[in-house]
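Residue numbers (my numbering), protein chains in the order written: chain A, 1 to 217; chain B, 1 to 695.
Source of the hints: derived by calculation from the structure; they are not laboratory data. Idealized CB from N, CA, C, for every residue including glycine. Please note that a few of the clues may not be correct.
[As the list claims (entries may be wrong)] For each label pair, taking beta carbons as the anchor points, the in silico distance ranges come out as:
id, chain 1, residue 1, chain 2, residue 2, range
1, B, Asp-299, A, Lys-157, 38 to 46 angstroms
2, A, Glu-38, B, Lys-79, 13 to 21 angstroms
3, A, Gly-86, B, Ser-635, 46 to 54 angstroms
4, B, Ser-635, A, Trp-127, 30 to 38 angstroms
5, A, Leu-96, B, Asp-298, 53 to 61 angstroms
6, B, Asp-299, A, Pro-145, 46 to 54 angstroms
[Stated by the list, open to error] Over the 12 angstroms line for every Cβ pair with chain A, so calculated as not near, a few chain B residues:
id, residue
7, Gly-107
8, Thr-361
9, Pro-380
10, Tyr-619
11, Gly-644
[Said to hold, decoys possible] A partial selection of chain A residues facing chain B, derived with a Cβ cut-off under 7 angstroms:
id, residue
12, Asn-55
13, Gln-58
14, Asn-59
15, Pro-141
Chain residues, written in single-letter form:
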Amino acid sequence: MTASLRARWLLVASAVMLGLALLFPLWRISLIAPQYPEGLGMHIWAHTVAGIGPNDLQNINGLNHYIGMKVIVPDSIPELRIMPPGIVAMCVLGLLIAWRGSRRLLQLWVVALVLAALVGLADFYWWEYDYGHNLDLEHAPIKVPGMTYQPPLIGSKKLLNFTATSWPATGGVLAIVAVMAAVGAALITVRESRPVNTQASNDGNARADASLRKATV
Amino acid sequence: MSLSHRTGWFVATATVAATLAYGFACAPASRSTGAIGAGDAASKVYVAPGSHDEFYAFLSGGFNGQVGVYGLPSGRLLKIIPVFSQFAENGYGYSEETKPMLETTFGNIPWDDLHHTALSQTNGEDDGRWLFVNANNTPRVARVDLTTFETSEILQIPNSGGNHGSPFITSNSEYVLASTRFSLPIPQADVPIADYAKKFKGTISFVKANEPGKMDVAFQLLVPGYNYDLARAGKGPSKDWVFFTSYNSEQAYEKLEVNASKADKDFIAAINFRTLEACVKNGKAETWPADYMHNVMDDFSRMAQVERKQSVKVLTPTSCPDAIYFLPTPKSPHGADVDPTGEYIVAGGKLATVIPVHSFTKLQQAIKDKAFETTIDGIPVLKYEAILAGEVKDPGLGPLHTEFDGKGYAYTSLFISSEIVKWKLGTWEIVDRVPTYYSIGHLMIPGGATTKPAGKYVVALNKITKDRYLPTGPELTQSAQLYDISGDKMKLLLDFPTTGEPHYGNAIEAAKIEKQQKKFFTLAENRHPQVTKAEREAGVSRNGKVVHVRMAAIRSHFAPDNIEGVQVGDTVLFHVTNLEQDWDIPHGFAIQGATTSELLIMPGETRTLRWVPKAIGVYPMYCTDFCSALHQEMSGYVRVSPVGSSVPLSANTIKAQGQVARAAARGVTLPTPPGGVAPAPAPASAGHAHAPSPR
Chain A
1 MTASLRARWL LVASAVMLGL ALLFPLWRIS LIAPQYPEGL GMHIWAHTVA
51 GIGPNDLQNI NGLNHYIGMK VIVPDSIPEL RIMPPGIVAM CVLGLLIAWR
101 GSRRLLQLWV VALVLAALVG LADFYWWEYD YGHNLDLEHA PIKVPGMTYQ
151 PPLIGSKKLL NFTATSWPAT GGVLAIVAVM AAVGAALITV RESRPVNTQA
201 SNDGNARADA SLRKATV
Chain B
1 MSLSHRTGWF VATATVAATL AYGFACAPAS RSTGAIGAGD AASKVYVAPG
51 SHDEFYAFLS GGFNGQVGVY GLPSGRLLKI IPVFSQFAEN GYGYSEETKP
101 MLETTFGNIP WDDLHHTALS QTNGEDDGRW LFVNANNTPR VARVDLTTFE
151 TSEILQIPNS GGNHGSPFIT SNSEYVLAST RFSLPIPQAD VPIADYAKKF
201 KGTISFVKAN EPGKMDVAFQ LLVPGYNYDL ARAGKGPSKD WVFFTSYNSE
251 QAYEKLEVNA SKADKDFIAA INFRTLEACV KNGKAETWPA DYMHNVMDDF
301 SRMAQVERKQ SVKVLTPTSC PDAIYFLPTP KSPHGADVDP TGEYIVAGGK
351 LATVIPVHSF TKLQQAIKDK AFETTIDGIP VLKYEAILAG EVKDPGLGPL
401 HTEFDGKGYA YTSLFISSEI VKWKLGTWEI VDRVPTYYSI GHLMIPGGAT
451 TKPAGKYVVA LNKITKDRYL PTGPELTQSA QLYDISGDKM KLLLDFPTTG
501 EPHYGNAIEA AKIEKQQKKF FTLAENRHPQ VTKAEREAGV SRNGKVVHVR
551 MAAIRSHFAP DNIEGVQVGD TVLFHVTNLE QDWDIPHGFA IQGATTSELL
601 IMPGETRTLR WVPKAIGVYP MYCTDFCSAL HQEMSGYVRV SPVGSSVPLS
651 ANTIKAQGQV ARAAARGVTL PTPPGGVAPA PAPASAGHAH APSPR
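Using the sequences plus the hints, can you model the full thing?
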């Protein structure tokens with residue numbers, strides 16, 4: 001069964017935005033304290049973790065040593081090696097499916113994308129949890145009983161003198177919009193697949209075809 | 001309220017009038033707040049917490065050999081920049097890397113007398129790149145880099161005695177100028193002082209200034225044996241010219257206060273430096289032996305290098321005609337100041353009763369017409385009437401220096417009558433005057449030496465502060481005063497204490513400097529031969545009686561933090577590298593009994609402290625600049641054993657090793673340093689040939 005052009009174009013948009021997300025940081029964690037009025041911060045990319053300023057990562061690691069937090073070494077995070085090829089693969093697959101127009105494959109792709117996004121967020125949360133909880137208290141100069149240092153997934157949180165704020169960055173916004181577009185495409189195909197509305201749906205397809213032609217002229 | 005202020009103003013004005021009438025300086029009304037109420041003035045200088053001042057002011061420190069950096073209009077002291085004086089606060093002149101900055105042909109000199117400042121210019125406007133300053137006593141000119149606010153270069157001036165008329169700058173920073181205050185036998189010789197008129201000469205030096213690290217005496221002009229004072233370079237139409245005042249055209253050499261004040265007129269020397277350049281190019285200059293030093297702080301090793309120079313190019317007025325003219329100027333002229341249009345050359349004379357103003361246009365015409373009174377040593381003396389644009393009559397007593405507001409007005413400081421007079425260029429009429437507290441020397445308008453003055457404030461740079469502040473024993477605080485000149489009448493806004501005598505200064509819009517500030521030195525670019533770029537590279541090594549300690553400083557520990565195996569009488573060189581790469585995280589280093597000073601090490605920089613332990617024991621060392629919550633823990637020990645002891649030289653780098661171990665435990669491999677974890681023996685002597693040498 002072929003998906004409507006509207007759904008297929010949404011799929012193309014989703015795949016393209018997903019690909020573009022590789023070019024921008026996905027997430028941004030910024031840290032502000034009285035003695036850091038200009039702030040310190042990290043950008044989490046699909047392939048690496050980098051300071052926002054040229055030495056931010058070094059300075060964050062330097063500060064983290066007081067509380068016994070592990071050194072953030074991007075090369076030691078395996079997910080960062082898996083994610084870029086994964087995204088590229090999803091991108092290519094998405095475009096292929098949009099070209100072929102298979103409704104079932106489209107739906108499968110969307111489900112896979114949503115699952116991957118959820119797994120990604122959960123994994124990110126797990127890393128934050130691990131860094132924030134798994135402290136080397138034997139060597140930590142500053143030990144606050146019961147204190148952990150997990151930054152929030154989204155939003156702000158006070159961690160000792162620092163306010164840590166975590167938000168999706170440009171790439172993250174693109175990825176979220178991509179997921180929304182994908183879900184939209186899937187919903188359209190689900191609606192299309194209802195037998196009762198075949199006629200209307202075909203009409204819709206015709207209209208979409210017409211408008212698409214108009215747009216491309 | 002307004003009545004009492006008016007009364008205060010009236011009293012102040014009346015006192016000034018009385019001062020002028022009786023012809024001697026007396027103190028104007030005590031604790032006068034000037035023309036406007038204290039509250040009103042306060043609001044004009046108030047810069048709210050967290051807000052920035054509008055201008056940076058660089059005030060020379062006179063006898064302290066430093067530059068004070070102040071914010072205007074608040075008058076808040078922001079920084080002291082040591083230039084010609086050792087500065088124990090940060091180790092300047094004490095650390096092995098900075099000691100060479102104070103090297104001269106006379107040896108290492110810990111002090112000088114710093115009088116004048118000049119900001120670098122492009123097309124006659126302040127560009128905010130560098131500040132140049134002079135050393136009077138042992139003639140030198142220094143460059144301060146305004147990205148770091150540190151002294152980056154010092155050039156000794158040969159054939160000079162008292163480098164007072166210096167370092168005034170040409171409008172594209174081609175040259176900074178330096179004249180000799182005291183004439184000398186040139187080259188120096190053992191001659192009777194009574195032969196002054198015959199054997200003594202003055203020099204005017206053109207120091208190439210437009211390339212950092214490459215300052216050089218491009219050429220010197222040999223001039224008659226007078227005393228040379230201040231200078232200004234021309235601008236606009238006069239931009240190829242420079243103007244120096246001179247006094248003692250009597251060529252007296254004893255009881256100068258009487259004998260050098262006899263002649264009715266002395267001279268301003270007007271010099272065309274393009275003509276001099278052409279003469280040098282055409283081989284008219286002779287190469288004379290000379291002995292002077294050039295000290296440069298390397299940008300990457302952050303170590304000063306000394307170069308000794310052995311000759312200088314010298315021109316004489318006869319070898320290069322049409323390059324220098326004398327402008328007769330009454331009487332013992334002190335300051336020569338060129339207005340923003342470049343047309344007027346204003347002379348202030350310590351003993352003059354008028355302020356003469358020469359016209360550059362008339363000067364050109366007079367040269368064309370050969371309107372010469374006479375010729376001295378090949379230098380034509382122009383006719384006073386032929387070059388005079390006008391005279392400001394009855395300005396007050398002891399007119400010294402003039403600055404300009406860019407709106408057609410000039411402001412002249414009067415030393416003896418302690419006041420500033422404002423007068424109009426062209427009509428020469430006095431339009432306003434205000435008292436200063438007391439005995440103003442120079443005055444300064446932000447950009448006042450350029451073609452585009454920011455004529456908002458004038459700063460009085462005073463000599464005396466009796467009754468202005470809480471007394472502090474025989475020596476009172478030094479002081480500057482800020483006046484609002486945005487309206488028709490000058491208004492005193494603020495008294496602010498300064499470090500040393502605020503002799504002269506420059507101010508520049510903060511925006512031109514603020515953005516370009518260096519925040520730290522890049523560790524990766526550190527080319528110090530004894531740098532420690534990671535804790536794992538730290539270690540100790542012995543080379544005969546010299547022990548090199550390569551040490552890393554990072555919040556909040558040193559690596560190594562304990563050292564053993566040092567022996568009495570060893571020369572221990574602590575090469576401390578600050579590993580931080582963050583703004584405003586210097587670390588300090590001090591050890592008990594060191595006979596130099598502490599070190600302050602900026603992020604990414606290496607500094608070396610020399611220590612010779614004299615007795616056995618265990619000596620604490622610690623960080624002196626409060627760096628973190630665990631700053632007090634940033635310390636360690638050096639164990640000193642008797643000569644010939646069998647205690648092996650060792651450095652405790654447990655922390656560094658611990659970090660590697662912890663990283664390994666988490667499956668993280670940190671990059672392996674050259675030399676590994678263990679304190680590697682440093683390469684033999686060759687490796688240290690370029691290191692700071694133990695002295």
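The hints, checked one at a time:
Distance hint check: the CB atoms of B:Asp-299 and A:Lys-157 are about 42 angstroms apart, consistent with the given range 38 to 46 angstroms. With their beta carbons about 20 angstroms apart, A:Glu-38 and B:Lys-79 fall inside the hinted range of 13 to 21 angstroms. A C-beta distance of roughly 50 angstroms is found between A:Gly-86 and B:Ser-635, which places it inside the suggested range of 46 to 54 angstroms. Checked against the hint of 30 to 38 angstroms, the pair B:Ser-635 and A:Trp-127 passes, with Cβ atoms roughly 36 angstroms apart.
For the pair A:Leu-96 and B:Asp-298, the beta carbons lie near 59 angstroms from each other, so the given range of 53 to 61 angstroms is met. Separated by about 48 angstroms at the C-beta atoms, B:Asp-299 and A:Pro-145 satisfy the suggested range of 46 to 54 angstroms. Non-interface status of B:Gly-107 relative to chain A is upheld: no Cβ of that chain comes within 12 angstroms, the nearest being about 41 angstroms off. Here B:Thr-361 stays apart from chain A, with its beta-carbon at least about 53 angstroms from theirs, past the 12 angstroms limit.
Under the 12 angstroms C-beta cut-off, the non-interface status given to B:Pro-380 relative to chain A holds; the minimum distance is some 60 angstroms. Taking the minimum C-beta to C-beta distance to chain A, about 24 angstroms, the non-interface status of B:Tyr-619 holds against the 12 angstroms cut. Its beta-carbon lying about 39 angstroms from the closest one in chain A, B:Gly-644 satisfies the requirement of being farther than 12 angstroms from that chain. Annotation: A:Asn-55 was flagged as interfacial toward chain B, and the flag holds, the nearest CB pair being 4 angstroms apart, inside 7 angstroms.
Interface hint at A:Gln-58: satisfied, since its Cβ lies 6 angstroms from the closest Cβ of chain B, which is below the 7 angstroms cut-off. A least Cβ separation of about 5 angstroms between A:Asn-59 and chain B falls short of the 7 angstroms threshold, and the interface hint therefore holds. The beta carbon of A:Pro-141 is positioned within 7 angstroms of a beta carbon in chain B (closest approach about 5 angstroms), and the interface hint is therefore held.
Violated hints for the displayed structure: none, as all numbered hints are satisfied.
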